[in-house]
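Here is how the chains run, residue by residue.
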Amino acid sequence: MMAVTVLAIAVQRNLFSVVVLAGIYSFLMATVLVALDAVDVAMTEASVGAGISTVLLLGALYLCGGEEAKPLARPWLPLAVAAVITGALVYGTLGLPAFSDPSAPIHVHVVPRYLNEALRETGVQNVVTAVLASYRGYDTLGETIVVFTAGAGVIALLRRLRRRGNGEPR
Amino acid sequence: MRRFLVLRVVGKLLIPFMLLFALYVQFHGDFGPGGGFQAGVIGAAVIVFYALIFGLPAARRLVPDAVVESMVGLGVLLYAGVGVAGLVFGGNYLDYFVLGADPVSGQHRGIFWVEAGVAITVSGVMLKIFYMFAGRRRALEDQ
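Chain order of the listed sequences is A and B. Using my numbering, you'd call the opening residue of the first sequence number 1 and step up by one each time. Using my numbering, you'd call the opening residue of the second sequence number 171 and step up by one each time.
Please note: incorrect hints may appear among the correct ones.
Said to hold, decoys possible - Partial list, computed: chain A residues near chain B (C-beta under 8 Å):
#1 D40
#2 T44
#3 S47
#4 G51
#5 I52
#6 V55
#7 G59
#8 A60
#9 G137
#10 F148
#11 A150
#12 G151
#13 V154
#14 I155
Unchecked claim - The calculated label-pair distances, taken between Cβ atoms and stated as ranges, are:
#15 A:V32 with B:L257: 40 to 46 Å
#16 A:A35 with B:V258: 42 to 48 Å
#17 A:F16 with B:L184: 23 to 29 Å
#18 B:D235 with A:V111: 41 to 47 Å
#19 B:V176 with A:T93: 44 to 50 Å
#20 B:L247 with A:L77: 47 to 53 Å
#21 A:T93 with B:L257: 40 to 46 Å
#22 B:L183 with A:L36: 30 to 36 Å
#23 B:L183 with A:L115: 38 to 44 Å
#24 B:L177 with A:G95: 49 to 55 Å
#25 B:F191 with A:M1: 26 to 32 Å
Said to hold, decoys possible - Coverage of chain B stretches by chain A, computed from C-beta distances (three or more under 8 Å per stretch; other residues unrestricted):
#26 247-254
#27 285-294
Derived by calculation from the structure, the hints in this document are not laboratory data. We treat Cβ as the ideally placed atom computed from N, Cα and C, and that holds for glycine.
Okay, chain B solo, but in the shape it has when bound (with noise of 0.2 Å):
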């Protein structure tokens, strides 16, 4: 798709804004609609559109499978090392007000945190199952 001029120039627009909504829905969380799920959806969106405009390998140039590998377990590992993190300081597991010097800043951080971990495995596991499918093509041809 290399030759849609209008393609590439919209999507080179649109992308940065794409990504800053995706942190919005992030981190804004807390305060309005969305959360770590519906941010990691959007932010693996974004490497998908990327995908469809510039080509997979480009995409995959920008984040490698290693990292998105990566990412599907790091999530979760973030997610469950904060409820260790609540053992540690003398709570339940996946106890947040043992986090912060107060109650309520202990569960903001507490659900700052876990809301990362969802959004990375999340994101990760939307890229590596659209990489696995679109890649797969490739890997036809070959044989």
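If we strip away everything but chain A, and leave its shape as in the complex, we get (with noise of 0.2 Å):
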């Protein structure tokens, strides 16, 4: 189904339909991830993906018209590499641990701690949680500062465009 999602936004021409197709790709992604158990990625993807990225792209699409200029080049050359890194990354999955596998490198370094040590040690049940705030407080405080780079970002270069637009007359 998520083949299908992809194939119709790479067919498609009308912008308004890529957009609301891609909300449906995270809708399924979302429920991929639930599949998974993992609940708290799902609910992001859920309400990031499908949410609020929808509602931009739509205000975008307002702004800037909904019809694809039809591509002028050959798509044959980017086709290529496109196959090439498919088969590198297809191939690169070879070596990897079979899915689910207990004693793959990543299930026996530290998530045997947090599994076993983060209601102890941090009386919080939920460990993505534990793990998120506090073995990891340092990443998320990184990434709560990319947040609020990418907002004072935005509003940079809106706000000075507004104000440009409103000081000389074009």
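Work from the hints to combine the two standalone chains into their complex.
Set out below in structure tokens:
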């Protein structure tokens, strides 16, 4: 179903349907994440990917019109590059440990400590929250600052444009 | 969109529950799925929903630009302040163990404030971006 959505996005020329299809894709992705027991990520995907970004993209579309320009160049070279990269990535996945293999390196390093000690050390039942806010506090502080920087960037860019528009008549 | 009665009524019915859900996600993040980021996004989405139904000016009256902009900075300051509080109480930066009477309650308190900081910044940034995009149209028409 996700592959069908992606194909529809690639084929579609009307940007409005592309935005709506992208929202559908996000919801499908969220269901996949629920199936993988990553409820926190699924919640984020559903609210950010399908909710906020769809609204923002629709707002942007309202500003710039809804029809995609016809592609100028022939797609063969980008297609070849994409095919080669896909091949490399698929080849790379062959070297990964099997899905949910308990002896994979990622599951034997710090994960047992998180899973076994998090409740005793932090008193927080949700291990995701414990790791995010406590064990990885610095990372989350960095992420918050990234979000802050994004907001500050948008404010700086758009507000200067508005003031210039008001200042000198064009 | 002021004319659509059904949308207005349903919106008014749903918005309190959506806000409640955002708060639930925020404060129940210790026990169930969720946390600051998700709660912030849901909280911002509530205001975006309100703006879509009742118009941008109404939303701007409800949550003014100054509030949104100070939220953007306030969250980061709150997060960083928790770290500084750890220093003040004699621990390392972002060390929650010293914030409470015993380590576990200190962890609880630290995580609570950190998550609150994340939620404030995230919802402020989301709302600000939405206001900026939605307000562009009017700014362009003014020229």
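Handout entry: Hints that the structure is at odds with (numbers, increasing)
Key = none
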